[in-house]
Each structure stands twice: as structure tokens, then as C-alpha cells.
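A.B. asks: Residues per chain are reported as follows:
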Amino acid sequence: AQSVSQHNHHVILSEAASLELGCNYSYGGTVNLFWYVQYPGQHLQLLLKYFSGDPLVKGIKGFEAEFIKSKFSFNLRKPSVQWSDTAEYFCAASPGYSTLTFGKGTMLLVSP
Amino acid sequence: KAGVTQTPRYLIKTRGQQVTLSCSPISGHRSVSWYQQTPGQGLQFLFEYFSETQRNKGNFPGRFSGRQFSNSRSEMNVSTLELGDSALYLCASSLPETNIQYFGAGTRLSVL
Chain A
1 AQSVSQHNHH VILSEAASLE LGCNYSYGGT VNLFWYVQYP GQHLQLLLKY FSGDPLVKGI
61 KGFEAEFIKS KFSFNLRKPS VQWSDTAEYF CAASPGYSTL TFGKGTMLLV SP
Chain B
113 KAGVTQTPRY LIKTRGQQVT LSCSPISGHR SVSWYQQTPG QGLQFLFEYF SETQRNKGNF
173 PGRFSGRQFS NSRSEMNVST LELGDSALYL CASSLPETNI QYFGAGTRLS VL
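Heads up: the sequence lines are chains A and B, in that order.
Using my numbering, the first residue of the first sequence is number 1, and each one after it goes up by one.
Using my numbering, the first residue of the second sequence is number 113, and each one after it goes up by one.
Heads up, some of the hints might be wrong.
[Claimed, not checked] Which residues of chain B face chain A? A partial, calculated answer using Cβ under 7 angstroms: (1) PRO151; (2) LEU155; (3) GLU160; (4) ASN211; (5) ALA217.
I should point out that these hints are in silico values taken from the structure, not numbers from a laboratory.
None of these values were measured; they are calculated from a predicted model.
For every residue, glycine included, the Cβ atom is placed at its ideal position computed from N, Cα and C.
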């Protein structure tokens with residue numbers, strides 16, 4: 001079965017630290033990849049997406065992600081986190097224009 | 113443009129009852145997907161509707177059902193509620209030619 005795995009369930013960082021959240025997927029063919037964020041008390045929002053082309057994609061709020069096909073990975077990065085980045089982050093994948101499979105999420109806590 | 117609207121926001125039910133949740137997609141979006149979000153399992157796909165037809169279905173028992181109306185609004189129904197059905201139920205809409213999904217705030221269901 002298709003699956004998405006996120007390496008860390010909880011991450012705690014200090015402000016200005018660099019962030020990398022791991023994501024691996026199990027699809028063998030064409031894949032669309034997403035990172036969503038859920039801030040406390042808010043709905044899920046799209047951070048960034050990869051459909052094709054440049055494997056390094058940039059999203060909102062300074063986030064970026066790199067698609068590495070050979071590693072089936074789509075890791076999320078941010079060079080310097082802020083307290084306001086405290087949220088739960090979800091990686092998702094789909095084979096083409098089909099339903100999304102989500103990872104179980106990574107809760108990020110940024111201490112000021 | 114208004115976002116995805118889910119009603120009600122909160123529900124408390126007892127075991128054995130049934131419940132109906134409603135979702136109004138973004139104007140122009142004809143695809144609606146439903147997800148169950150729990151702390152242990154993350155987001156799990158329930159079903160997707162497009163043009164009043166169920167296009168995909170997740171691995172949930174038949175107690176979970178849904179439908180879509182001609183105006184793209186969707187409802188999901190859970191019959192014979194169990195304690196384990198307590199969760200945040202999320203609705204997402206998307207344009208048919210892309211699976212960039214836009215989420216509502218969710219309906220939090222508590223089963224006592």
C-alpha cells in the first residue's frame with residue numbers, strides 16, 4: 001500500500017535554529033508531493049508543493065523542500081525558525097491527480 | 113473568495129447515535145474529500161466526491177458514508193457511533209485538474 005512516513009513526531013528548536021523535517025513516500029511512479037502546516041487552532045494550510053520540474057521548491061514563510069527521487073524523499077527545510085513557526089507539519093503524496101496520503105505529522109515547538 | 117466551510121464546528125454525541133456533517137467547498141471547486149484526523153493516526157482519507165459521484169474511498173467501515181449535491185456541497189454521515197469515532201473531521205475541496213486541496217476548519221466530534 002502507498003504510504004508516507006515522517007521521521008520525527010516531535011521536534012523542539014530554539015529561535016534562529018535551522019529546521020529540517022524528513023518525509024519519505026512509497027510510490028514508484030509519478031508523484032505529487034505536498035507539505036501542509038496546521039497552526040494552533042487553525043485549519044490546514046498548504047506550505048508548498050512539487051509536481052514536476054526544479055526539485056527544489058520554495059513555499060510561503062521562507063520554507064523550502066527538496067525532492068530527491070532516488071531517495072523517495074521530500075524533506076522540508078527552513079534556515080532560521082521563528083516562534084511563530086510552532087505548528088504541526090504534514091507531508092502528503094499522491095500518484096498524479098488522485099487522493100492524498102498524509103504522513104502522521106511532526107509537531108514543531110520553537111522556544112523564544 | 114470564501115474558503116471551505118464546515119458545519120457544525122463541534123458535536124457531542126453518544127454511542128449508537130448517528131451524525132451528519134456538512135461541507136461547502138470553495139466556489140468553483142467540484143471535488144470534495146473527507147478526512148478523519150486523530151492524534152495517533154494523523155489524517156486518514158475517508159472518501160472523495162466529484163460531480164455527485166464517489167470517486168475514491170478509504171479503508172473505513174460502511175458506517176461512514178457521504179454524498180455530494182449538484183451545487184458541490186457535501187455531507188458525510190456516520191451511523192451507530194462508536195467511542196473511537198471521536199476525531200476532527202476535515203473536508204477539503206479542489207479543482208478537478210489539480211489535487212491541491214484546500215481545507216476547512218473541521219468538525220470536532222466527541223462520542224461519549
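A.B. asks: Hint by hint, note whether the structure agrees.
C.D. replies: Hint check results:
About 9 angstroms separates the beta-carbon of PRO151(B) from the nearest beta-carbon of chain A, more than 7 angstroms, and the hint is not met. Evaluation of the LEU155(B) hint against chain A yields a held restraint, the C-beta minimum of about 4 angstroms falling below 7 angstroms. Interface hint at GLU160(B): satisfied, since its Cβ lies 6 angstroms from the closest Cβ of chain A, which is below the 7 angstroms cut-off. For ASN211(B), the interface hint holds, the least distance from its beta-carbon to any beta-carbon of chain A being 5 angstroms, beneath 7 angstroms.
The interface hint given for ALA217(B) holds, since its Cβ lies 5 angstroms from the closest Cβ of chain A, which is under the 7 angstroms cut-off.
The structure fails hint 1 only (numbered hints given earlier).
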